[in-house]
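Chain B: place on chain A using the hints.
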Amino acid sequence: MATTYEPIATTNGTGSSDTITFSSIPGTYTDIIIMGTSKGSFNDENINIRFNSDTASNYSWTMLDGNGSSATSSRGSSQTYIRGGVSGTSNSANIFQINNYANTTTYKTSVSRANNTGARTRAIVGLWRSTSAINSVSLINDSGNFSTETTFTLYGIASA
Amino acid sequence: MLNSVVALFNAGAAPAAAGDYESIATVSVGATSVSSIEFTSIPGTFKHLQLRAAVKMTGNYWMTCQINGDTSTNYVSHGLYGNGSTVSTLALPTGSDSQAYLAQQDGASNQVIVAIIDFLDYANTTTNKTARCLWGTDRNGGGSVGLNSMFRPSETGAITSIKLLHTGGGTSFNQYSHFALYGIKGVA
Numbered sequence: 000m001a002t003t004y005e006p007i008a009t010t011n012g013t014g015s016s017d018t019i020t021f022s023s024i025p026g027t028y029t030d031i032i033i034m035g036t037s038k039g040s041f042n043d044e045n046i047n048i049r050f051n052s053d054t055a056s057n058y059s060w061t062m063l064d065g066n067g068s069s070a071t072s073s074r075g076s077s078q079t080y081i082r083g084g085v086s087g088t089s090n091s092a093n094i095f096q097i098n099n100y101a102n103t104t105t106y107k108t109s110v111s112r113a114n115n116t117g118a119r120t121r122a123i124v125g126l127w128r129s130t131s132a133i134n135s136v137s138l139i140n141d142s143g144n145f146s147t148e149t150t151f152t153l154y155g156i157a158s159a
Numbered sequence: 000m001l002n003s004v005v006a007l008f009n010a011g012a013a014p015a016a017a018g019d020y021e022s023i024a025t026v027s028v029g030a031t032s033v034s035s036i037e038f039t040s041i042p043g044t045f046k047h048l049q050l051r052a053a054v055k056m057t058g059n060y061w062m063t064c065q066i067n068g069d070t071s072t073n074y075v076s077h078g079l080y081g082n083g084s085t086v087s088t089l090a091l092p093t094g095s096d097s098q099a100y101l102a103q104q105d106g107a108s109n110q111v112i113v114a115i116i117d118f119l120d121y122a123n124t125t126t127n128k129t130a131r132c133l134w135g136t137d138r139n140g141g142g143s144v145g146l147n148s149m150f151r152p153s154e155t156g157a158i159t160s161i162k163l164l165h166t167g168g169g170t171s172f173n174q175y176s177h178f179a180l181y182g183i184k185g186v187a
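Same order as they appear, the protein sequences are chains A and B.
Quick note on numbering that gives the first Met the number 0: the first sequence kicks off at 0 and runs consecutively.
Quick note on numbering that gives the first Met the number 0: the second sequence kicks off at 0 and runs consecutively.
With the rest of the complex left out, here is chain A (with noise of 0.2 Å):
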């Protein structure tokens, strides 16, 4: 059997910027995840996500979100992001799930999991409407900068 599930690059926030990209992705897998801790300027604050820097309106997500209080779900249409996972003065958890990312057949979908310790948890899908291979992706503050303490790291599972 072959061992898979390999680290291709970590990223580290910098204080100074809203957006950690990984570029020049490999096709070699058939599934890449990205995942880590995240802390930002505000209590909560999403992660927005795009691909191949598309920013047109190609992405939809729905939400399924829980704030200790309610339960709710929500979502967004002929977006320029998909609203992936969250941020905040609290160090965050987020994983991020782009399954058969490679294929040049399909539109992609992704899965994330993600946890804001001081506000909320959330599970999210999201829709890239693309057949394009994805080979960038961005995570994107909506709400002020990354701090030194986020971090990223992508990984590729290759399927036997």
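Read the hints as simulated data drawn from the structure, not as lab findings.
Careful: at least some of the hints might be erroneous.
What the hints assert, rightly or not - Here chain A is said to cover these stretches of chain B; the calculated rule only asks that three of the stretch's residues, wherever they fall, bring their Cβ under 8 Å from a Cβ of chain A: (1) 82-96; (2) 169-179.
As the list claims (entries may be wrong) - Just some of the chain B residues that point at chain A, by a computed CB distance under 10 Å: (3) E37; (4) R51; (5) A52; (6) V111; (7) T136; (8) V144.
Said to hold, decoys possible - Just a sample of chain B residues kept apart from chain A, beta carbon distances all over 12 Å, derived: (9) G58; (10) Q65; (11) H77; (12) D105; (13) N109.
Each residue gets a CB set at the ideal place from its N, CA and C atoms; glycine is no exception.
Coordinates of chain B only, in the frame set by chain A:
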């Protein structure tokens, strides 16, 4: 490329050591749709299993699973999921169904469902088996995302086969569906 830090469950588990996450088998559905797929002869040499699926199904059905060919009502399913406006729960106690409910197609045929299913401590023969699933499907204006679990309250046998099927019957796993089973090692 490094291969030193691997294998993390969906949220929160510790990374494993090098070479501890291995591909066991993969099933891809071709031009002819199928009613089910099955992983058999699963080796008992790992600590946990992870099944990663990107599925296209026909109809508004649940993708389900059966363990070790068991078609009796020895499954318990729970779910928490949202469709963009409503949060719903699922609870199927033992004796109610002959399959465990994992992920829902939710209204539109042939949209990709991504499901990541963890079968924990699958090879031991003393505890009841459990699994969890993170799943989602989105179609730009529709879709659902959820967390489901499976429990086998009366079975302690090691998991040696996993069959994925669906509540609709017929041929429902369509072209471009992809199922990959991985093993995660424990400490020897």
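Given hint B:V111 near chain A, where the shortest CB pair must fall under 10 Å: holds, 5 Å
Interface hint outcome for B:R51 [beta carbon to chain A under 10 Å]: holds, 6 Å
Status of the hint placing B:T136 at chain A (closest C-beta pair under 10 Å): holds, 6 Å
Outcome, coverage hint (the stretch 82-96 of chain B, chain A; C-beta under 8 Å; three residues): With 5 residues closer than 8 Å to chain A, the stretch 82-96 of chain B meets the three-residue bar; holds.
Claimed clearance of chain A by B:Q65, with the beta carbon kept past 12 Å: Nearest chain A Cβ is 22 Å from B:Q65, so the label holds.
Hint check, B:V144 versus chain A [nearest Cβ-Cβ separation less than 10 Å]: holds, 4 Å
Claimed clearance of chain A by B:N109, with the beta carbon kept past 12 Å: violated, 10 Å
Supplied contact hint for B:E37, tested at 10 Å Cβ to chain A: violated, 16 Å
Chain A versus B:H77 - minimum CB to CB distance exceeding 12 Å, so not interface: holds, 14 Å
Minimum Cβ distance from B:D105 to chain A greater than 12 Å, as the annotation requires: violated, 9 Å
Verdict on B:G58 as a residue remote from chain A, using beta-carbon distances over 12 Å: holds, 18 Å
Within 8 Å of chain A's CB atoms, at least three CB atoms from the stretch 169-179 of chain B: coverage verdict: holds (count 3)
Violated hints, listed in ascending order, are 3, 12 and 13; each of the other numbered hints is respected by the structure.
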